[in-house]
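Asks: Given only the sequences and the hints, what does the whole structure look like? Please build it.
There are 2 protein chains.
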Amino acid sequence: MGTTQLESVPEPKYWHLKTVLTEALDSEFSVGEILPNERDLAARFGVARATLRQALEQLELEGRLQRRRGVGTTVAPPRVGVAVGTDPHAWPGAPGDAWRPVDCTVALPPGAVADLLETGRDERVHTVRRSRVTHGRPVAADLLYVPDASVPDLSAIDAASGAARARAVLRELQRLELEGQDQAVELGSASAEDAKELDRLPGAPVLVVTTRYYAEDRTAAVSVATYRADTCRLTFGDAGDVEIHHDPERRAS
Amino acid sequence: MGTTQLESVPEPKYWHLKTVLTEALDSEFSVGEILPNERDLAARFGVARATLRQALEQLELEGRLQRRRGVGTTVAPPRVGVAVGTDPHAWPGAPGDAWRPVDCTVALPPGAVADLLETGRDERVHTVRRSRVTHGRPVAADLLYVPDASVPDLSAIDAASGAARARAVLRELQRLELEGQDQAVELGSASAEDAKELDRLPGAPVLVVTTRYYAEDRTAAVSVATYRADTCRLTFGDAGDVEIHHDPERRAS
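Top to bottom, those sequences are chains U and C.
With numbering that gives the first Met the number 0 applied, the first sequence has no gaps in its numbers, which climb one by one up to 252 at the end.
With numbering that gives the first Met the number 0 applied, the second sequence has no gaps in its numbers, which climb one by one up to 252 at the end.
All the given hints hold, so there is nothing to weed out.
Stretch-level coverage of chain C by chain U, calculated; a stretch enters the list once three of its residues show a Cβ under 8 angstroms from a Cβ in chain U:
#1 176 to 187
#2 196 to 206
#3 222 to 233
Pair ranges (Cβ atoms, derived):
#4 C/Val19 <-> U/Glu22: 42 to 48 angstroms
#5 C/Arg43 <-> U/Arg170: 47 to 53 angstroms
#6 C/Arg170 <-> U/Phe28: 41 to 47 angstroms
#7 C/Gln173 <-> U/Arg136: 40 to 46 angstroms
#8 U/Thr133 <-> C/Pro94: 35 to 41 angstroms
The set of hints was computed from the structure by calculation and includes no laboratory data.
Think of the CB as a built atom: it goes at the ideal place given N, C-alpha and C, for glycine as much as any other residue.
Replies: Take a look at the structure:
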């Protein structure tokens, strides 16, 4: 049964090329090295440019290659493990938080966020923008949506915008008792704004982590964080980082 | 500073098209509906086929569209929330487990898995293949790697392979006291084997979840699960499912 199906969907040409390229990357190239240009690579492996490009795209998805404007295609370093939700009992901005507050505005949240917050689609909420840097590189951008009801004592005397305002919102949020949180991870593509912050091109694949924070029996805040999918491995659990290194050939049988 | 950078990286043409297409999807099409063909769409929006294709690829990444062999491009249903690691104190195969054992072989694990298990690169391990179905659709394929040391009483009398063997390995594993687990999520591309199981084409983007299980002060088993990135949203935490629905325009300011 399996065989018949396999035969009816023949393995695409670029798939075999990908395997060959992976072996070449392992044996001939080192991290950071620039690959020959597409024309030379296509000639070396005896394939059409379109086939080569498909294989390169696959290897980029798997984190083996990086394509950068003005640099070309380079061999990627192993993905960095980035701890997500290590402490389910801490608010954003609590001591030890890996995020840096950047800005804060008051704006209409996306409809899906408004539904989670039960604020109604026409209610503006505090929107804290934060960024996360690991090993000196931008790895994630975050928007934290906080309705007025969660920060009732937030004073208008505090800075009206900017990082100071962001810190004021986070400080007020921490006065609530956090009852729990849950998270979801899905695939997305970088918006123009995220792309700029993450040093990627718009549309690049990203991992989107949505966290819902509960307090006083309701959703008190929602965070939508966008992680670079090329360089990040998101880690969950006590040990923080699962020390699994890049291995594209996870099948060995 | 931000502005200068934005101006130096102009928004690509397909990006604007994507926004326009998203609005059309929301207002004119319903879930499951087949989109007009590329030529007609390109003509309607006055863009080149290549630009259209880029926009469609983006929308596929974001889970708004599905492209299927022999069917064409259809409007995707909202992603399904799939709970990952809901109970950190249960072994794979414990009651309530969402996975179905399919097969079991003895094979060399990938190098990265061997390193996690500290088995040495030339030691073969029990390799349990499992699959997960949600709402009648295949959503994930899993390989669970179990070294001999974790199932010392596994009897050769049990079935030598197949689902019965898989169940025997899981049953033996459950005799160990589970001390904890951690998980990592990253982007990958479907191998030919995964693709067949997940009803996708090889190379399709997938979310790869690596789970390390600890017992007796060491890594007793490693699971590498591959989830469809187009239809799944992975959920973590007590509440199981973060009820956030698809909203590609998460920025509202």
